[in-house]
Each structure stands twice: as structure tokens, then as C-alpha cells.
Amino acid sequence: MMIMGKIVAVHSYKGGTGKTLLSINLAVALAEHGKKVCLFDLDFRAPSLATLFKIEKSECWLNDYLNGTCEIDKALLDLSDKVHNSGKLFVGLANPATEAIRDMSAKDRKWEMRALGRLLALRTSLLNDKGFDYLLMDTSPGLQYSSINAIVSADLVLVATTFDRSDVDGTRRMLRELYDLFEKKTEVVLNKVLDASSKAGKEEITSKVNDVYQVPLLGIVPCFCDILKAKGGIIFAQEKPDHPFTRILEEMAAKIDKMA
Amino acid sequence: MSNQEIVGKRPLQVLEKIRENLERLNEKIEVMIELQKHGRKDLQPPLSDAPLDVMTLLSLPDHLRKTAMTLCRMGRATANEISEQTKRARAVESAYLNQLVIMGYLKKERNGRKAYFFVDRESQG
Chain V
0 MMIMGKIVAV
10 HSYKGGTGKT
20 LLSINLAVAL
30 AEHGKKVCLF
40 DLDFRAPSLA
50 TLFKIEKSEC
60 WLNDYLNGTC
70 EIDKALLDLS
80 DKVHNSGKLF
90 VGLANPATEA
100 IRDMSAKDRK
110 WEMRALGRLL
120 ALRTSLLNDK
130 GFDYLLMDTS
140 PGLQYSSINA
150 IVSADLVLVA
160 TTFDRSDVDG
170 TRRMLRELYD
180 LFEKKTEVVL
190 NKVLDASSKA
200 GKEEITSKVN
210 DVYQVPLLGI
220 VPCFCDILKA
230 KGGIIFAQEK
240 PDHPFTRILE
250 EMAAKIDKMA
Chain H
0 MSNQEIVGKR
10 PLQVLEKIRE
20 NLERLNEKIE
30 VMIELQKHGR
40 KDLQPPLSDA
50 PLDVMTLLSL
60 PDHLRKTAMT
70 LCRMGRATAN
80 EISEQTKRAR
90 AVESAYLNQL
100 VIMGYLKKER
110 NGRKAYFFVD
120 RESQG
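As given, the protein sequences belong to chains V and H, one line each in that order. Positions 0 to 259 (numbering that gives the first Met the number 0) are the ones given, in order, by the first sequence. Positions 0 to 124 (numbering that gives the first Met the number 0) are the ones given, in order, by the second sequence.
Derived by calculation from the structure, the hints in this document are not laboratory data. Do not rely on the hints blindly, as some may be mistaken.
One side of the interface only, derived from the structure: several residues of chain V facing chain H at Cβ under 7 Å [to be verified]: (1) R108; (2) G116; (3) N148.
Heads up, the beta-carbon is just placed ideally off N, CA and C, and yes, glycines get one too.
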């Protein structure tokens, strides 16, 4: 049997729940495990990967690929030199220029339908032909076209959430009224948790999450001041291999890798 | 070719034609049955070219969404291929697919005896 790669979308109801932090560090953690990984910034409203990877120019952006004006190869940047072993890491970026953001938010239904077709085609072009093990998609929060396109294209959706009340309510609604309709395999990542150190605390959180969301919990990420101090300048999974945050992300990556 | 063979082939061709027509008739009846079952409210006034985008997918009734989603993933497929994915009967998928064609979301193309359904993403407009 042929082993096929997997498409993972990272989404959330509200902004600031840690999607991008999660996406980057999961991508790096999987690459550090020797996987061939591709990370996409599909947050066309507020692109961030270009800044976080300190890339100013790209021959092509994902905007161009979705517009049908360039092939996917040209939109991929090889960052494998950031990985310590034989793993590979490529990124596809959203164009951070204001004009490009404006252009992307004014697309019509027909365009969005074609964009979905191009995202679906990546299963053949990236996973089958180029042998990528993972394609991770960082998305915009909420019910955005680009995000729902990513969810429909994905095999697994990770939902980043916090204990913030409006986030809990919105996430719950979104899981029922969006994800269930698409019959997507979904797991929740609980971020910025204050009392996650004790075993009893973790168990309580796990059962609470199961109760509220009725989907499996992939992991609990405690609130780390180190992450705030880094101001987005450090990719922990790459630069701080011994940090507890990296350990937690590695555990999540291993869990994802074990899923059928 | 002997005379007997030619004579022997004729009825076969006729039968083949009858079978083809019966299959088409069947498909039409299946659509009508489905329309009865779910009521006409599912059916917007026929659109010739409606985009099957994700928001449209969300607004479809559950039974049609499953079929439409599967076809989106496969790109182009017969009712039989769709039914293998959805684990529903071929006749059911055939009815749903034809209904989606009537609604303007899918296109249908015949290739010999097989009918292929697809999402027309590249048409202009």
C-alpha cells in the first residue's frame, strides 16, 4: 500500500489563540523528526510567516498560485537549512503587501471555488508527486473563505482555543455548525493554560474539553512568559530544543504522526 | 463475416440501445423520486452556472453536501465511483448527482455508456 502524506489545517474561532505559533513549531518539530514538511500561510488578511521567517521577497506568493498565475514550485521556499537533520522544510507565503491583502479580500465566489480546486490539487502535486509527508496550513481565524477552503482540503483540522469565554462559545458553535457539516477529523489544542502542571489538573482539563467540544484533545499548552518575551523572534522547536514548550509540541507532532 | 453473424449482431445492438435508453430513463425517474422525497424546497430555480464554493457547500442539505464534497475531492467521477466513497447505493448517488446538475452546480458528460460528473471550475464568468 502506498503511504500518502497528510494535509493538516490549523484554525481557530478567534484571533490570537496561537495558530501561527502552533503551525510553525509543529512544522519544524515534524521536520526535525526527518519528515518532508511544507508550511503554508493561508492567512491572507494578516500574513505573518514572511516576518517570522525573516523573508522579504518571494518569486511567487501563494496569492499567485491561487490566482492561477504561477505553479506551486515557484511559490515554495526551501528552508531545510534551518532543520538539524535530514528532514526538509519548505514554506509558501501569503503576500504581506497591503495591496495584496485588499485584493484577496475582494474575491468573488467563483474565484473562491477555483481557489478550492487549486488547494485540492495540492494533494497530487505536493503529496504524491513531490513526496511531502505533511502540508500544514496556517489560516485566518473565524469563518473566512480562505480558511474554510483549507478546512475542506485538509485530512485533519487542529483547532487552537483558549479558556477565553467568547472563544469557548464561538469554537463550540463553529465545531457543530461548520466542522460537523464537512465531517472533518478534528482535534483541539488548548493554549495559554494557567494550571496545567499537575496530573490532576491535566485530567480535569481533558474531561472538560471532551465535555464542551466533544472532540479529542491533542494537547495542552501552558502559558509561557518565555514565548511572550521572544516577541515572535524565536522558533522554539528549532532554537530551544530543551524548552518545555518544544517538548509539548514534539509530543503533539508524534501524536499526529501516529494517526492513521 | 458470415450472414449469420450479421443477423446475430443486429438484435444485440438493438438490445444495447434499449438498455442505454432504459438507463437514462432510470436516472430521470431517480431524480424525480428524490425531488418528491425532499420536497421542491431544495431546488432553487435552475441556474445554468452556479459556483460550487464552500459557502454553497455549507448551505446544501446534508444528503447533497456529502455527494458534492466527494465529487469536489475526486474532481471527476461516475455515480458508481462516488457511491464507493460515500457507501450509499449507486442509484441514490446518481439521483443526487443529477439533482446537483439541475441546480447548476455540476456538469455532466457522457462517454459511451458511462456518465461522468464534474465541477466546472475553469469556465469564465
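> Which of the numbered hints are not met once you compare them with the structure shown?
Replying inline: none
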